[in-house]
Every structure is written in structure tokens, then in C-alpha cells.
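**Q** Here is what each chain is made of, one letter per residue.
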Amino acid sequence: MARAVTSRRKALNTTLAWLVGFLIFFPILWTILTSFKTEADAIANPPVFLFFDWTLENYEVVQERSNYMRFLWNSIFIAGGSTILGLLVAIPAAWSMAFVPSRRTKDILLWMLSTKMLPAVGVLYPIYLLCIQLGVLDNRYALVVILMLINLPIIVWMLYTYFREIPGEILEAARMDGASLKDELLYVLTPMAIPGIASTLLLNFILAWNEAFWTLNLTAVDAAPLTAFIASYSSPEGLFFAKLSAASTMAIAPILILGWFSQKQLVRGLTFGAVK
Amino acid sequence: MGRITLDKVEKSFGDVSVIPPLDLTINDGEFVVFVGPSGCGKSTLLRLIAGLEDVSGGVISIDGNDATRVPPAKRGLAMVFQSYALYPHMSVRKNIAFPMRMAGMDKAEQDRRIEGAAAALNLTDYLDRRPGQLSGGQRQRVAIGRAIVREPAAFLFDEPLSNLDAALRHGMRLEISELHERLKTTMIYVTHDQVEAMTMADKIVVLQAGVIEQVGSPLELYHSPQNLFVAGFIGSPKMNFFSGADAAEHDAHTIGIRPEHLTVSTTEGRWKGTVGVAEHLGSDTFIHVHPEGDPAATLTVRVGGEFVASHGDTVHISPLHADRIHRFDAEGLRI
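If you read the sequences in order, they're chains A and B. Each residue of the first sequence is one higher than the one before, counting from 1 in our numbering. Each residue of the second sequence is one higher than the one before, counting from 1001 in our numbering.
Some hints here could point you the wrong way.
Unchecked claim - Which bits of chain A does chain B cover? Going by a derived footprint, with three or more residues having C-beta under 8 Å, they are:
(1) 11 to 20
(2) 76 to 83
(3) 127 to 134
Stated by the list, open to error - The following label-pair restraints were derived from C-beta to C-beta distances:
(4) Gln133(A) <-> Gly1039(B): 56 to 66 Å
(5) Val89(A) <-> Ser1177(B): 45 to 55 Å
(6) Pro92(A) <-> Gly1171(B): 54 to 64 Å
FYI, nobody ran anything at the bench for these hints, they're computed from the structure. C-beta atoms are modelled at their ideal positions from N, C-alpha and C, and glycine is treated no differently.
Turn these sequences into a full structure, and let the hints guide you.
**A** Listed below in C-alpha cells is the structure:
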């Protein structure tokens, strides 16, 4: 028998869910509100919530002081590049783990995931030195490779769980039909896994977009993405909460909009394989 | 052409031997059925021929060429799977075209063959649908269509009808048999259903635990099974076996008599017993009798549909013809 849910209980649950949602969203909302305040209002005590003099002044200053478009382009380049490169490496890897597993496949998967448990700062020094030696500090291509490697375990894991859902007989049928390994991956597996690949792509793009540790440490000017753009406003010159907020809002806006339009795919991506 | 020979082919998974070394020749144009109980290795044998599994030893040759290390894509064989294994993201047309596309065939020739196959398999109206929009029988026909357009050296069928309901299964059985008559291409068909094996095969290969028990035409297997396993496996209902004094009378360790080669009388006969269950099918009646002195055993007799019996009746059973008694020695081999 299905659990009976009374309408009162339903209303209570809905209210609670909205409350939790609001709590999680509040810092972002506050940032956006602050970006429209004057610096004086931004640090007012008690804080003003909605009734202040709305101004676009902060955005003007931020635009004048730094080249937003260059940071934006770097972010797109690094996040997009690392995601696409990651998929190119992960699709064949996940294929072999899902369809021709060996006795050690599970161990390899766990070992890969365990690298994500390592604190990133633990390898900062070697990677930083490597970048200097190779002359690729503050280089967008280097960041593409590094972020790809950082997120690769997650991409492989997600694709692996998707591929596991595809019946192996269909791939065998393709092989019987004369498909080479390349044809099999290109014409059969990939089209069948499109929903899975799409949500993997999306999630990874967001992870790479938000990645701040490596992008801040390995860039200076040329390759600096939006994370560096925000960081440049928390300077020792003084407190500029409103301008910092304006910069932050501009940095998160693209990914927030992308996330809003693709939330269905994202939720599926995050919970896939959790049931069944 | 499609002559396939297996020479000492064996397969093991790790330390477990699934198929001990085995020899088999399949002639061009033959309809060969691999039959046996679940887990007897019949599907594995088919997958070895297909190339989807690697042999652990031995040589597989197709038309005289060693194909043992040739990948499945290059063996020139087509396979129909139990689960149909259609490409869900492609229309029926594209599914059927796929092997030709992989072979880089001319587009006009592709279309000609698709139209031909669709007409033969009654799929013309469904060419633009996706597999998900088709019934089980239609999906199986698409899978067959995808196999025939390639004009392969041989067709491999892996229990293709087991996902269909009884009525459809019968219809598809006839269609596949007719296809074979028309194409005259070698077909290898795996099933656990002996009715399919008996009705479709030119040659039946009975397998048990990876070992070939007997190879022969359906009637050869029916009339002269080489051992107890084949005797019990082929024929429905199962053959009745007698041992001890009954068998000693015929200088054998065990004797077997098929249900249709026994007769029932209410007054006199060789064995006396009581009726356990009588199955009235209309055309036939199967009477399951518990013989006197051994009530745990059951003898099955097939009689005409007009014979009426019910639980508890006393009946007498006798063999119909002395030459329809199969004799086996202590090893279970035919004498």
C-alpha cells in the first residue's frame, strides 16, 4: 500500500523544502543584492535588505578597471577544453571498463576515485615546479590539461555507470555487423549514451568553471579565468564589498544560467545509478 | 558458401572447462541445430563460431580458411540474438542498413536490398519507426532483416524465439524454415526447445556439458538414439526406461520405449498399474501410470484421443512392437 500523505503534511514538507532551498541560496542572493548597493550601504549595520538606493555604479567601475571579457573567455576555454579533452580520454576508458572488465577493473576504479581524496595542495609544489620547468605557467593549454586530469576520475566513473546500463549484446551485434572498434564507439555506443554523456559534460563543465585552487595558483594574467577576476577584488587596498559582489555576480552568472536551463540533465547525472 | 569446420575446438573460462576438445563439420547450406539443456555449452559454441569468444584451443575454419583469430566483423557471418539487439537510436531502415553501411556498400544497392528484405519480412510499413515502437515479433523480423541483407556465409541464431509467445513462436519458426529453403544459406541455430530442433533442422547436434552426444538428422535421433541422454532428451513426452528384470529379458542393462510405442488395455498386458494423471489433449491422450510394485515410478503412454481414463483406474500396458524397444548397456550406450 502506498504511504498516505495528508495535504497538511504535504504543505509542511513543501514549506520546509523551500526554507532549506532559500537558506542554501541566501549567500548568492545576498551577493547579488550587495552588487547593487553603494559601498556605504554594503557595510551598513544593521544590514539593509531591499530598501536601499539601487545603483549600477559598481558594475561600471568593475568594467572600467578590468577586462571582464578576457576572463570570461579564459574560463570558457579552460572549462570547455578540459571537459572535451576529458571526454575523449574517458569514453574509451569507460568503454573498456564496462564491456571488457578484467578482475582488476573494480580496483582501478576505486584507485582512480581515491586520487580525488588527496588534498590538492599536497601536489601543488610538484605541479607548480613542473609548470615552471616546462615554461607553461600562466598558460591556458596547461590548465586545460591539469583540470582535465583533476576531473578525469569523476568523468570516467559517471560514464562507466551509464555504459553499464547499455546491453552488451547490442555492441556484439555491431561487431557481427562488421563494425570496427571505432565504428562501434562512434555509431553505436556514443549515440546510445548521449543522455549520459550530456550530463557528464555539463557537470564537468561546472566543476571546471568553479575550480579555484589550480586556476588561482597557476595563472597570473594571460590565462586568468573568472576565479582570478573575483580574487583580484579582495585586495589589501581596503574593503570594497559592493564591487567584489558585482565581480562575483558577473562571474557566476553564466554558469548559473547554464545550470538553470539544464537542471533536469544535472539531477539525472548526479543520481544516475543510485536506484535499480 | 558457408562450410564451417571445428577441429579440436575447446573453451575454458579460467580453470573451468566449458567445452572439451570437439570436432564438428557443418556443410554448406545445412540447417544445423545445437540443442541441449541449459548450461550445456551450446550458446558458447555458437559464440566461438561467431568470434565473440576466443577459443582456448583448436581451429575454426570457414570455407577452408582458418578463421580462429579473425575478429567477428571479418568472418562474414550474421547473427540474430535472443534479445534482438537492435540499435534503439536508429530507425528500422537504418538498423537494416547498418551492416551494409559498415561494408561501405553503394547507397542505391543498400536501398534495393532494404526494400527487398522489408518486403520479404513484411516490414515495409515500419521502415521509419524505431525498434521501441515495434512488437516482439516485428523486432525479431528486423533482426533477421539486418542479417539477410549482408548475404552472409552463414546465419547464427542464438535462441531467437525464446522471448516470443507460443503463437508467434510457431509462426516465426515457419518463417525461418522458409527463409532457409529460399536462401539455401548455412544456418546454425541454438535452442533448448527440442520441438524447434526437430521441426527445423537438417542436422541436430545434441550437447551435454560441452560434449557432443550425437549428431544426426531429426529422425535418426528419434529412431536410433546413441545413448540414454539422447534417448531421454529427444521426444516428447519423454521415453520410458526400464531396468532390472525387464531389461535383462532383452539382454540389456536398460531398455527404453517411447510413449507412442506402448499400448493400454483394461484387461491384460505386460505391466499392471494405476492411472495417476490422464491428460486429454483431444487429438491424443497421455496417460501417466504408476506400475504395480513401484508406485514412485511413472510410465507415460500415448493413446488415441478417444481413450478415456481417470485417476485410480487399473490398466495394463504392453509394448506395441518388439523392434521399437531401444536397448542400452551398462554405460548407457545403444546396443
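**Q** Does each hint fit the structure? Answer for all of them.
**A** Hints, verified against the model:
1. Note: the region 11 to 20 of chain A has 0 residues with beta-carbon separation from chain B under 8 Å; the three-residue rule is not met and the coverage is violated.
2. With a cut-off of 8 Å between beta carbons, the region 76 to 83 of chain A has 0 residues touching chain B; three or more are needed, and the interface restraint is violated.
3. Beta-carbon proximity to chain B at under 8 Å applies to 0 residues in the region 127 to 134 of chain A; the threshold of 3 is not reached and the given coverage is violated.
4. Taken as a hint, the range 56 to 66 Å holds for the pair Gln133(A) and Gly1039(B), whose Cβ atoms sit roughly 60 Å apart.
5. Restraint check, Val89(A) to Ser1177(B): a C-beta distance of roughly 50 Å satisfies the suggested window 45 to 55 Å.
6. The beta-carbon spacing between Pro92(A) and Gly1171(B), approximately 43 Å, falls outside the hinted interval of 54 to 64 Å.
Hints 1, 2, 3 and 6, counting from the list given before, are not met by this structure.
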